[in-house]
Each structure stands twice: as structure tokens, then as C-alpha cells.
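Number of protein chains: 2
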Amino acid sequence: MTAPVTTSVSTSVEGGSNELSAAQLIERHRATLDRALEVIRSREYWSPHPEHPKAYGEESGAAGSLSAGQGQAAFDALRGSRFEIDGQPGQSGPEGGWAATEVSPYGLEMGIEYPRPDLDVLLPAMREAMPAWREAGPEVRAAVCLEILARISARTHEFAHAVMHTSGQAFMMAFQAGGPHAQDRGMEAVAYAYEEQVRTPGSAEWSKPQGKRDPLNLSKHFTPVGRGISLLIGCNTFPTWNGYPGFFASLATGNPVLVKPHPRAVLPLALTVRVAREVLAEAGFESNLVALAAERDGEGIAKELAVRPEIRIIDYTGSTAFGDWLESNAHQARVFTEKAGVNTVIIDSTDDYKGMLGNLAFSLSLYSGQMCTTPQNLLIPRGGITTDAGEKSYDEVAADLATAVGKLLGDDARANALLGAIVNQQVRERVESAASLGEVALPSRSVEHPDFPGATVRTPVIVKLESAEPEAESVCFSEFFGPVSFAVAVDSAADAVAVLRRTVREKGAMTVGAYTTSPEVERLIEDACLDECAQLSLNLTGGVYVNQTAAFSDFHGSGGNPAANSALCDGAFVSDRFRTVQVRRPA
Amino acid sequence: MTAPVTTSVSTSVEGGSNELSAAQLIERHRATLDRALEVIRSREYWSPHPEHPKAYGEESGAAGSLSAGQGQAAFDALRGSRFEIDGQPGQSGPEGGWAATEVSPYGLEMGIEYPRPDLDVLLPAMREAMPAWREAGPEVRAAVCLEILARISARTHEFAHAVMHTSGQAFMMAFQAGGPHAQDRGMEAVAYAYEEQVRTPGSAEWSKPQGKRDPLNLSKHFTPVGRGISLLIGCNTFPTWNGYPGFFASLATGNPVLVKPHPRAVLPLALTVRVAREVLAEAGFESNLVALAAERDGEGIAKELAVRPEIRIIDYTGSTAFGDWLESNAHQARVFTEKAGVNTVIIDSTDDYKGMLGNLAFSLSLYSGQMCTTPQNLLIPRGGITTDAGEKSYDEVAADLATAVGKLLGDDARANALLGAIVNQQVRERVESAASLGEVALPSRSVEHPDFPGATVRTPVIVKLESAEPEAESVCFSEFFGPVSFAVAVDSAADAVAVLRRTVREKGAMTVGAYTTSPEVERLIEDACLDECAQLSLNLTGGVYVNQTAAFSDFHGSGGNPAANSALCDGAFVSDRFRTVQVRRPA
Chain A
1 MTAPVTTSVS TSVEGGSNEL SAAQLIERHR ATLDRALEVI RSREYWSPHP EHPKAYGEES
61 GAAGSLSAGQ GQAAFDALRG SRFEIDGQPG QSGPEGGWAA TEVSPYGLEM GIEYPRPDLD
121 VLLPAMREAM PAWREAGPEV RAAVCLEILA RISARTHEFA HAVMHTSGQA FMMAFQAGGP
181 HAQDRGMEAV AYAYEEQVRT PGSAEWSKPQ GKRDPLNLSK HFTPVGRGIS LLIGCNTFPT
241 WNGYPGFFAS LATGNPVLVK PHPRAVLPLA LTVRVAREVL AEAGFESNLV ALAAERDGEG
301 IAKELAVRPE IRIIDYTGST AFGDWLESNA HQARVFTEKA GVNTVIIDST DDYKGMLGNL
361 AFSLSLYSGQ MCTTPQNLLI PRGGITTDAG EKSYDEVAAD LATAVGKLLG DDARANALLG
421 AIVNQQVRER VESAASLGEV ALPSRSVEHP DFPGATVRTP VIVKLESAEP EAESVCFSEF
481 FGPVSFAVAV DSAADAVAVL RRTVREKGAM TVGAYTTSPE VERLIEDACL DECAQLSLNL
541 TGGVYVNQTA AFSDFHGSGG NPAANSALCD GAFVSDRFRT VQVRRPA
Chain B
1 MTAPVTTSVS TSVEGGSNEL SAAQLIERHR ATLDRALEVI RSREYWSPHP EHPKAYGEES
61 GAAGSLSAGQ GQAAFDALRG SRFEIDGQPG QSGPEGGWAA TEVSPYGLEM GIEYPRPDLD
121 VLLPAMREAM PAWREAGPEV RAAVCLEILA RISARTHEFA HAVMHTSGQA FMMAFQAGGP
181 HAQDRGMEAV AYAYEEQVRT PGSAEWSKPQ GKRDPLNLSK HFTPVGRGIS LLIGCNTFPT
241 WNGYPGFFAS LATGNPVLVK PHPRAVLPLA LTVRVAREVL AEAGFESNLV ALAAERDGEG
301 IAKELAVRPE IRIIDYTGST AFGDWLESNA HQARVFTEKA GVNTVIIDST DDYKGMLGNL
361 AFSLSLYSGQ MCTTPQNLLI PRGGITTDAG EKSYDEVAAD LATAVGKLLG DDARANALLG
421 AIVNQQVRER VESAASLGEV ALPSRSVEHP DFPGATVRTP VIVKLESAEP EAESVCFSEF
481 FGPVSFAVAV DSAADAVAVL RRTVREKGAM TVGAYTTSPE VERLIEDACL DECAQLSLNL
541 TGGVYVNQTA AFSDFHGSGG NPAANSALCD GAFVSDRFRT VQVRRPA
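Those protein sequences? They're chains A and B, same order as listed. Using our numbering, you'd call the opening residue of the first sequence number 1 and step up by one each time. Using our numbering, you'd call the opening residue of the second sequence number 1 and step up by one each time.
It should be emphasised that the hints constitute simulated quantities derived from the structure, not laboratory data. Please note that a few of the clues may not be correct.
[Said to hold, decoys possible] With a cut-off of at most 30 Å between alpha-carbon atoms, the simulated DSBU-like pairs for lysine-lysine come out as follows: (1) 392(A) <-> 54(A); (2) 392(B) <-> 54(B); (3) 212(A) <-> 354(B); (4) 208(B) <-> 354(A); (5) 208(A) <-> 407(B); (6) 354(B) <-> 208(A).
Bound conformation, chain A alone:
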């Protein structure tokens, strides 16, 4: 243990000069860690981070957390200023500087400058911080990580605005997905990392019998050792939710983490870095175990960083092209990717037609479909489907779904609360040109945002395709990220399954959904998902949606099809981030 024994403890979100002993941190967080360890094995429901904004205190903030007003004020204070990270090396090096690249999808001026460090100065400093962090051991590292998460949780209102104005998510989604849900995923990763490291004991006595001679006796010591600097390449749409698993898995397993955020979504991860450095310093470790590397527009430093010898782990969420490039070129690192896929829903039959339409309408609308888990291809038999509301033709299903989406988003206030803003120009162009791809079942419409007139808000477009192949092949087997989906006519349920298999195998899928009342069809779909390694949600008609997964219970992605090479979170996501070094001596 290298963490100093001290007496003062801070739970204040202000942080500062307080110090935290290892024992204090463990006492504070051990019960939570133990509960997390139980739940990743039981997969029951659990979350230590409340979803409702009111839980964080309406006025002055509950239990040291920022209230809604304080969170808004904290966010406002950050805008138009330089985001200093105290003590982060590399600012004064020949390559050091500042970068301001964010543009709120809501049109709000951001104007925040972030550190763009000289990597030749920063990386050695990060590497030097490793030995003391290694010596701290798995339990102290886990406790430090949980303290970081607790401080982030206390500032959820501030993070919500940061996520909203970088990703374009509506406020409530930014609050929940960018706050408690992301924190849950981070804690899940800490639990997996801890469990993996303590599978091997710290020491063991080994005694091998030698018949009549004395046994051979050895004392063995085992130490989990981080691989080296871990690089987090952040994404635009879910900077914290997609970033926290890799960030905390690497930190908890003994690795420094260099955060390279998406140029359009720096703030949520910059705040994370600042909190992490504050906690690390208070706990007596080098704050340079966590650092931020922002970049100027068009620099593409991820490509340079990814192949540096100091970088031994990479976490990436983003385009398939760059993910494939990383997998093919960053040989010195263990690369974890989440790329793009084409998500399918098979609509074969249902005993709750209204529930199905409502559920799908929500899935297609949430965050304007800008999720890696949003369904794209809705496969519907051209002969129609059986439902509790009678037989429905393919045209009727497409029309009824269009009506359901239209109703869900008919009210502009509700539409804004659900859709959020279009994150970039490419998505907007994709929505606007989708109508040319086929018969439009539901046109996209533009929605005004009462508070942010600069926001681009669009409802989903649904396009009918007469078949999946061969005519519509280039459409069906390409990803249309954003609020674009296709009602695809197929010959039969079996044909739908064949299209599903091909889609997952060739393009990958983060999610598969299906509606069927037939055990035979259900079995066909399940087998396809098992064979092609895709996560399946069946007959969702209520308040759970195919595009949402819950930490501690659901796996996000499978890691076994082209959409991602890893899953959140499992043993494989953490086990290769460290190695176990053994020292043996005669006993």
C-alpha cells in the first residue's frame, strides 16, 4: 500500500486539498463493490445510481451532490473558457497547446478550450505513475475507481448538460444515459476487473511430494500488473456511456488512461478526467494516471497515438472503417472496438399488436435513432402477419407503425424530449435523402425546439422496400445511422431468418429484435442469433426497448460479429488488460 494514512475525508464535489487513506476508501466503497460482484453473477436488476433527477436534490443538492440549478450553473460557467487540468504535463512542450472544437447540436455556443498536450512529454509521465498504482493492489484500485464514480455521480446534473450539448441527446436522456447508466457501466467494469485480478491469490505455498525424499517447497507471489498506457478514443454520441467501461476497466487493472475524446464531445470526458485526477491525488497517487489529449480539427491524433509503443490497450467506439484500421494496425496494443452494424427486427406475429407498434415507435424515435442499437431493418412477411387485432398485411403493418410513430411524436414538446437533436450534418443529409430509397411509409418532419432555435430536430423516416435482395441489397446491407429505417418485405419467416443471418454475418449487429407467437419461428430466430452471435430481444411490448441494455444484467453487443470485437461487460473485456507476474522462491 502506498496510499498515505491520513485522517481528513472529503465527499465534497469541490474536492481540493483533502486526503484519503486507502482504508477510508475501502471502508466507504467495499459494500458497494461486494454488491456489484454479486449482481454480475446473478444478473438481477441493480443500480446504485438513481435515474430520477430529483434524487440528486432539488434545491441545494442532496448528500453533497449538485442540484439541478447548481448543475446548470456549473455547466454555464465552463462555457467560453479555458478548461485547465492542473498539473497535466505537456502543455509547455514544443507540441503543447489548446484546442476548442465543440459545437452544440442545439446551437449553444460552447467555446471551451481543452489541453492538447505534447505527447512526448505526457506519455512518459503517465508511464512513471504505474509502479505505485500497481503496488496499491486490486482492492485499493477498485475503491479509488468507485470514489471517482461517486464524485461523478454527485455531479450528474452538470454532466447531463455536458452530454446534452455534445451528443445532442435530449436532456432527460443525457441525464440518464450519460449519468447513472454510464456510471453503472463503469462500476460494472470495476467489479469485473477486481474479480479477475483476485482469482489468483497474492501468494501461495507449493509443496510437491518426492516419494521418500523431502518434498519440493516453493513460496510464490503473484501480482497483477497493468499492460501499459490505455488509450480511450471517445465517441460523439455517448461519450460517457461508451467511454466509462474501458476507462474504468483499464484504470482498475493498473493502467494509466489517456483520454482522447471525440472533437465534438470533449466536455463530458474532460470533466471525468478532472474528477479522476482529483481523487487520485487525494488518495496519494500520481494524478497523471489519467490525462486528457484533446486535438484540433482534422488533426486525427488517434491514428498517431494508436500505434505508439507506449499505448498497450485501446478502447474505441465509432466507425467501422477506423475500428477495422485499429484492429489491423495497432498490433502493439490490445484493441477493444465497438463499430457499426445493421440491426434487424423480425415481425412475424404478435398477441399485442398495439404494444408492439408502440414499443417499436419508441425504439425508432429515441435520440433520433442515433444509437448503435437502434433497429434499422424491419423484416415483415409480404403475405402479412397474424395479430391479436386480426391479420395485418405488410402494407398495414408499415402504415400502422408509421401512425404509431406519428402519434408518439405528434406533440412537439414530447417530440423534442424524445428525439433530441441531430448530431451532425451527415446524419441530417442521410435523413433528408432517405426518401429517394423507396416508397415512404412515414416522412421525416422538422421540429422546432422552443429553447434552442439552432437545433436540428427530425422525426424518423420509414421507407418501404419490396425485398431485402437483390434489388434493395445495397440498402438493406448498409448502415444508415440516424432516424432512418426500412420496412422490408420478405417471403416468409424463414426468409426473414435467412436475411437476418446474412446481415449479422456480413455487417454485424448490436441488437436483434423479433415478434412472434410461433414457437417454431422463435426457435429459428434464436438459433440464428446463437449461430451468428447476436443479442436477441423477443416480443418487447412494454417499457423495455431493444435499443436499451442495463448494466450488471445485459450484455451490450456480443463481441462475436462484425459490429464489435468485445462486449460490455464480461471477463474478456478486463482479463487481458493486466498480466499476472509471479515471483517464486524456495520456501
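Model the placement of chain B on the given structure of chain A, informed by the hints.
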């Protein structure tokens, strides 16, 4: 469960038409699996496979196992014949054929022809076998793997000859390392694989509170799913010991395994494939879950196989050049490599000079140093060392070590029993030219083998180098696989540690050894090994050697330096061989 319920059970090494139910297999092997699961967590000594040849029955074989004579006879019967693998597809395809490439390092005529299947026929058949194997579940798969190991164990005498006459190991080493030790490593991998798959339950009920509304309820099912066909690229020197971990880890996690042996060491793995197919068939599974692909001289089918889309996992032991190639090119697969390294022993001081010399002499001599774990660079302060036998100069240490090796191998019978045969021409040339690299402390000598006059047997050569760098840099930082080691003069213990660090970082190391009575020096060496991720053995003077590791307790390699990207065996070695597919439904 797809394995049929049957009544007859066979433990006979003859195998044949018997059938095994899943329940029978589990009953037979569950206790062993449970013990293995305990020991991989306690890291205490354990082995279910006896090391002594007599344990297998001297006359007719104990408990269904082959006696020494029966093992010899079984091996003899294989020579000069075609090694048929019943029912393995691809022999009659346009590319199908036979290959005979083995040459015993002892000069014994092998003349065995092995299947060289048409891969376009074989691979689809292997892929088709996956779903039923997946449905069997982790426990049945583990039990089937343990049954395979039990049948291999019963034939250890036969395997010993097969390993001896392909690797060149002496009989006793071939028996132990190729038999029980390899089987231990295989079982260890099965235990890790089982534990990893059952971390997630088969099913879970998830209930999320919704305040005053009804909770959201889902039923979730989780299935471990193999990644796809696993390719084992075997090595010449330890076909079973280095092959079994990957073989069993992949099979136990639901993957078919295609075995591509080294052209000079086919038989041990061909026997393994045959036993595995026999057990799989008896247990009601497709025997094509395991197959053999031999190749003709110079074909290099590993390179072709490694990038085929059907191959999703690769296990490789061999040269750094091809290991690096695999890591850089087989992007569609998860690649586990053990390559080459430069192993160091630091000799700083000792309180058992005689024990140290004897221990090192044995390590340098065992299997003519043809182990990835054999020490190469012995770093000795040029000012001498402190020992219980007084101060010893650098020259004295080198001379005394030479004397110790000379004494150990002075008797030809003992020399043959320890050295085995030189595995190939390249190693022989390396030994013969080593004398030109510096002053020779111990020349290599040629030993006649009384039973096998064709065997090339060579004692180790020890060459003195006046410094590690810069003059001798190209020698010190290159691997000299075989019985070649260097007594390298260094300035001090601190200098030795610096050379060690550089060696591990740049060239990798499977093992590091050190002798010191100084706590300060010990700490320096430990820190270096933790920083550079190398496995350290301190002050070995008795019957445990730096180049030997024990399954269930020792990690073989660290996976964190250039010598290997994985370790035998840990969570990371198994966790990414399967993915967990989830199906969720409203409860």
C-alpha cells in the same frame, strides 16, 4: 443436452463402439473438475496425472492403461504405416491427400502418412458440428474434455515414444513433459474454460422497480457460444505440452479444433486427434469437432489457414517471425502466441554456491537447452560475487559453472538421459558455431547414443562475453535457441538489472532467474520483472528449475512482454474464445 442417454460405458484404451451419456461423463469427471477449479484458485501443488512410468502398470497396464511394453508396441505398430482418421472429411476432395514428413531426431525411421485434407471440404463439416456442441453446455463439454484427457493419460507410454521421436526429448522427459505435465496443462485449461463460462448464469429474472407503476420484468437466457473454428499450430519441441492448453481451452468453450501439427512432430497430435474423435463420437457428438490437417514439406498451409474466415481462434507456438506475422495478419481470429525470447539469470550472490551451480547446470543441460524457458544470458558482475564458499571472481564463476555442467554430463548414459537429441540442423549449426562468439568457458561435446547411433547429442556450450553492450550487443540481445549460453560480465548488480530490463522489453523473456542474498538487489530485480512483465524465479538451488513450470500453480510466460502475448493459463487465455449470447423476453 443432446448427448444420448445410453447405458454402456468404456474406459478401455481400445475405445470403439461404446456410447457414453452426458450423465455418465459428468459423474465420472465432476469431482476431478471441482478439484481443478479449487487448485487454480489456491495455486497449491496438485496433479491427477502420475509422473512415474511405473504408475501406469508395469506388465499388463494398470486400470486400463498401456504398460511400458504395450506403449512401445503401440508406437512401433504405428511406424511405417498410414495413420487413418476414420470419417474425417476432405480426403477424397480435389485437394485431399496424405503427407509423411517426420524424421526422428534419434534417426529412427518413422514413415507415417497422415491425412492432408481438402480444407474446403473439411472446414464446413467442422462448422456444422458446432450447434450440438454448443447446446451440450459447459459442464458436458468439460466432462468430454476430461474423458479425452483420461484416455490420453492411459496411453502415456505410447505418447512418450511419439513425443521422444518427434521432439528429440529423452525418454523420461518425453514421458513426463509430453505426458502427465501436458495433460495437467490441458486439464487446467478445461477448468479455466468451465469457470469462465459459468460466471454468467444460464438464466436470470430481471425486475426493475418503476415507482408506483408495476415493475419491468424480463426473463433472460445466456448461452456461451464458441467463436468458430480454432486452429492449433503445433510446435516441434513440445507438441503436446504447448498444444494442449489451446486445444482444450477452445474445445471446452464450444469451438471445433483443427490441428495443424509441425511437420516434424505430427504423431503426438495425430494420436490426440484420434482419441478426441473417438470420445466425441461415443458421447454422441460429431467427431469432426476435432480434425487433423497435416501438410507436405514446404507447403506452409498454416499461413493459408490462418487468414481463412472460418478460423476464428489461433494458438501458436514457434518462431517470433511467424508469430508476429499471425498477430499482424490474422485479423479475423483471436491469436494466442508463444514466440521466442532471451532468458536471463542474474548471478549477484548466493548462500549456496554449490546448489546454485548444480541447479543452473541442470537447467542449461535439460533437453539440450531446447526449451523456450532455458536461460541464455548469465549476468555476472565483473568484480565477482559473494558466496558461502567465499568471494568468487567472474572467471571463477564461469569456470565453476562449466565444471558443474561437465560433471553433470560426464557420464554418457546420464548425459543422454538428460540431453535428448538435437532437434534439427539449425540447432546443431548454432551449437557448433557458438565458439566463435567469444572465449569458450565450456566447449560442447558430442555424445554417442547407445541405442540410437543416428541421434545428434550435444552438451551445452558456455561462452564468455566481456560485456552485454555495446561490443556483444548483437549476441546478448539475440535468441540462441539450443544448448548455447553466455556468461556475461556486467559492471554491477544495477547494471545487470538494466541489461535485464532492456532484454525483456526488446526481446521478451519466458523466464528470469536470479541469485542474490541482498534484499536491495532482490527488490531491484523484482521491480524490473514487475515493470517489464516477466516471470521470476529466485535462488533456486534444489530440485526446481527456472525452466520448469507446474500447471495449476505456475504461469508459463506472462503474455506481457514480446516473448508471448498470452500466458498458460489464466482467464485471458480462455475468456475470448467464446461469447455469451443473451435472449430476453417479457417475464
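Tested hints:
Annotation: proposed proximity of residue 392(A) to residue 54(A) is violated, straight-line Cα distance about 43 Å (limit 30 Å). For the suggested pair residue 392(B) and residue 54(B), the alpha carbons sit about 43 Å apart, so the restraint of at most 30 Å is broken. For the suggested pair residue 212(A) and residue 354(B), the alpha carbons sit about 23 Å apart, so the restraint of at most 30 Å is met. Between residue 208(B) and residue 354(A) the alpha-carbon distance is near 23 Å, which keeps this suggested pair within the 30 Å criterion.
With a C-alpha separation of about 27 Å, the suggested pair residue 208(A) and residue 407(B) falls inside the 30 Å cut-off, and the hint holds. For the given pair, residue 354(B) sits about 23 Å from residue 208(A) by alpha-carbon distance, which is consistent with the 30 Å threshold.
The structure shown violates the earlier hints numbered 1 and 2.
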